[in-house]
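Using the sequences plus the hints, can you model the full thing?
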Amino acid sequence: MDLDFYKKQAIQKQKEHKKFLDGLKKKPPKNLDYAVQETHDEVFEEIDCLQCANCCKTTGPLYTEKDIERIAKHLRMKSADFEAKFLRVDEDNDKVLQNLPCFFLNGDNTCSIYDVRPKACREYPHTDRKKIYQINNLMLKNTVICPAAFEFVEKMMKNIEK
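Just remember that this note's numbering sits 2 ahead of the position in the sequence shown, which is counted from 1.
Calculated directly from the structure, the hints in this document are not laboratory data.
Careful, some of the hints might be misleading.
Stated by the list, open to error - The calculated PhoX-like cross-link candidates involving lysine-lysine, where the alpha carbons are at most 20 Å apart (straight line), are:
#1 K132 <-> K143
#2 K97 <-> K68
#3 K75 <-> K59
#4 K32 <-> K132
#5 K10 <-> K143
#6 K17 <-> K27
#7 K157 <-> K10
#8 K121 <-> K132
#9 K132 <-> K9
#10 K97 <-> K121
#11 K17 <-> K28
#12 K59 <-> K9
#13 K29 <-> K132
#14 K9 <-> K157
#15 K157 <-> K21
#16 K133 <-> K29
#17 K160 <-> K20
#18 K17 <-> K32
#19 K21 <-> K68
Said to hold, decoys possible - Cβ pair distances, simulated, as ranges:
#20 E67 <-> I137: 29 to 35 Å
#21 I13 <-> D110: 26 to 32 Å
#22 T112 <-> L5: 15 to 21 Å
#23 D35 <-> L77: 25 to 31 Å
#24 N101 <-> Q39: 33 to 39 Å
#25 K21 <-> D92: 27 to 33 Å
#26 R124 <-> R78: 20 to 26 Å
#27 D83 <-> K28: 47 to 53 Å
#28 K80 <-> E125: 24 to 30 Å
#29 N139 <-> T112: 15 to 21 Å
#30 T112 <-> R78: 19 to 25 Å
Remember, it's a predicted structure, so these values are computed and weren't measured experimentally.
For glycine and all other residues, C-beta sits at the position ideal for the given N, C-alpha and C.
Set out below in structure tokens:
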């Protein structure tokens, strides 16, 4: 998977993508949630996250208290010890990883805590959510990081035209 290619494409098309996503916000088509789910499914038939894992290498998820408790329990650690070992508080006062790539990313791009991974990881790249226009800025950021998010916006542009 050529991440540089996707990143360059995403940066080149930021204005076009922003205009499209803003249009969805101004005037959402009646079948938007259906089109989003259909496009999401289509994209993930073509793209295998295990070939990439750029999200795990370059962006840390936000950890909720529930995430911390669940993962700490899974690792047989106290929540406070888990936080001290892996997390820090960022400028927005969110709990995030101390270091990237993610400590839990294995050499083969699998996740060592996949079954208990943070909610943010489970939902990434947010291409299957209802009222997708509510996360336009996030989606634009994700197109630069995630080939699937880029392909999703590209396909949505074609699918909504139909």
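Now the hints, each set against the structure:
1. K132 <-> K143: This hinted pair holds, its Cα atoms lying about 18 Å apart.
2. K97 <-> K68: Measuring from Cα to Cα gives roughly 12 Å; hence the hint holds.
3. K75 <-> K59: Answer violated: K75 to K59 is near 24 Å, above 20 Å.
4. K32 <-> K132: Within the cut-off at roughly 12 Å; holds.
5. K10 <-> K143: holds (13 Å)
6. K17 <-> K27: The hint holds at about 15 Å.
7. K157 <-> K10: It holds: about 18 Å lies between the C-alpha atoms, which stays within 20 Å.
8. K121 <-> K132: Since the Cα atoms of K121 and K132 sit roughly 16 Å apart, the hinted pair holds (cutoff 20 Å).
9. K132 <-> K9: Distance of about 26 Å is beyond 20 Å: violated.
10. K97 <-> K121: Given that 20 Å is the threshold and the Cα spacing comes to 13 Å, the pair holds.
11. K17 <-> K28: holds (16 Å)
12. K59 <-> K9: With Cα atoms ~14 Å apart, K59 and K9 stay inside 20 Å; holds.
13. K29 <-> K132: At roughly 15 Å apart (the allowed maximum being 20 Å), K132 and K29 satisfy the hint.
14. K9 <-> K157: Between K9 and K157 the Cα gap is close to 17 Å, so the pair holds against 20 Å.
15. K157 <-> K21: Within the cut-off at roughly 15 Å; holds.
16. K133 <-> K29: Given pair K133, K29 holds - Cα atoms ~12 Å apart, limit 20 Å.
17. K160 <-> K20: holds (15 Å)
18. K17 <-> K32: The hint is violated at about 24 Å.
19. K21 <-> K68: violated (36 Å)
20. E67 <-> I137: 29 to 35 Å: violated (22 Å)
21. I13 <-> D110: 26 to 32 Å: 29 Å Cβ-Cβ, so the 26 to 32 Å window holds.
22. T112 <-> L5: 15 to 21 Å: holds (18 Å)
23. D35 <-> L77: 25 to 31 Å: violated (36 Å)
24. N101 <-> Q39: 33 to 39 Å: holds (35 Å)
25. K21 <-> D92: 27 to 33 Å: holds (31 Å)
26. R124 <-> R78: 20 to 26 Å: holds (22 Å)
27. D83 <-> K28: 47 to 53 Å: holds (48 Å)
28. K80 <-> E125: 24 to 30 Å: With Cβ atoms ~27 Å apart, the hint holds.
29. N139 <-> T112: 15 to 21 Å: violated (30 Å)
30. T112 <-> R78: 19 to 25 Å: Given range 19 to 25 Å: holds, Cβ gap about 21 Å.
Comparing the model with each earlier hint shows violations of hints 3, 9, 18, 19, 20, 23, 29; every other hint is respected.
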